[in-house]
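Trainee: Here is how the chains run, residue by residue.
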Amino acid sequence: MREPTFLVLTALAEEPRHGYAVIEDVSAMTGGRVRLRAGTLYAALDRLRSEGLIEVDREEIVQSRLRRYYRLSAAGERSLAAETARLREQAAIADGRLRARRTELGGAPA
Amino acid sequence: MSATQRRLLALYPRDFRRDYEEELLAVLAAEGRPGPGQVFDLVRSALVVRLRRVPVPAGLRQSARVVQLFGALLLLALEGRRVVPLVPGHLDVVAPVDYVRLAGWSLVLVAVAKGWRLLGFTGAAIGLAGEIAAALRWYLDTPAMLLNAYWIIMTAAVVLVAGLLATRAGRPRGLLLVLSAGGLLILVTEIDWLLPYQLSPLLVLGRGDVEMLLSDMPAMSGVAVLMLVAAAGLVLVAAIRQEATVRRWLPAWAAPVLVTVPLIRSGFDGFMEYNSYHPEATRLIGPVQWAALVLVPMAAFLVVAMLSGRYERSRQAKLPRS
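Top to bottom, those sequences are chains C and R.
Residue 19 in the numbering used here is what sits at position 19 of the first sequence, and the numbering runs on without skipping anything.
With the second sequence counted from 1, adding 1000 to any position gets you the numbering used here.
Mixed in with the good hints, there may be bad ones.
Partial pick of chain R residues on the chain C-facing surface, computed with a CB cut under 8 Å [unchecked claim]: (1) E1022; (2) V1027; (3) E1031; (4) R1052; (5) V1054; (6) G1270; (7) E1273.
Stretch-level coverage of chain R by chain C, calculated; a stretch enters the list once three of its residues show a Cβ under 8 Å from a Cβ in chain C [as the list claims (entries may be wrong)]: (8) 1008-1021; (9) 1045-1051.
These are computed hints drawn from the structure, not numbers from a lab.
Beta carbons: idealized from backbone N, C-alpha and C, even for Gly.
Same shape as in the complex, but just chain C:
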């Protein structure tokens, strides 16, 4: 799973969100490192919908403009959980190796 997909699913894991709210949440989650652009976001939402990982929660009209909220589906939840477990496993390996490296070098972590 690529990072933008992971981040979009993570944004929707908390609560149903509309497009711009997803962009804002992803930006907040990553400390501003990732700011999704409109084209990227809607191409991702279109794909995730066709793969059944997200679905439309509700639609609202705000200031005469359509605002569609998306939510994580059951399949999306499973996919996000699997990716999270994979990343956690890899992070644990990296963490273990860094600890061993510090021990071998005989120094305390900075």
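Fit chain R to the given chain C structure using the hints.
Mentor: Then chain R, alone, in the frame of chain C:
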């Protein structure tokens, strides 16, 4: 909303616009005035969305990834031979177009590793343009040079198309085998006469000045022939090692390249013979011949892909339903 944004949204498929245009417009309005970043993002995303809507079998997409990676690796090795430090004397004859080709195929490899489709397309387009430009350098004097290199040009075109359809995930099997084949191709450069361009008349047309080649043959050339055969064997084994669903679609990708051999041998033999006896009045490739050079490989791909698809469907129909 600016006219630029409106024009860019027209790049998206109709059903996508129907579903998302209104929301997309609201987000674009929040993003502010369109800058180069936004324009690039909208164009790239429109391409991605359109490609996703092309009905392509999953096996063909997976095999496209194998073809893109292995094809770019082999083309890189083929071009890399000219600039490897093993043969410093060759650097004198390295043309700028060789560096263009090298850069193009290197970009494709980076794109495959990163899963960046647009970079893959850009790299393959640069590589293909380089291959065509290299062959066209002598076209007016010796049109046969283009025909001799046509299988390389077709391989480059196949890598470009495969990149557009390829899945972005998964590492193909047999990567080490193809890397070894690439290494062998680079080493073969030690012997000049065995450059594929010089071998092509022999392989494609079934003739060449064999006596001259044999008399000039350096001591290592026998080893070089073995190296070429070994490289081909390694690529074949790598293809066989792919998963069955991927392997079944590989002949479709190979067809456009393989068909160039009988095409040039049957359709251009007289043309090349005439030119070799009439250097004062060289004939160039005619419009019908150009059309054949483009259409026959395309038809070969479509026919073999159709047969592979039919076989795949019949296999699935025979599988017991769970």
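Trainee: Checked against the structure, which of the hints given earlier come out wrong?
Mentor: Numbers 5, 6 and 7 - these are the hints that the structure violates, sorted from lowest upward.
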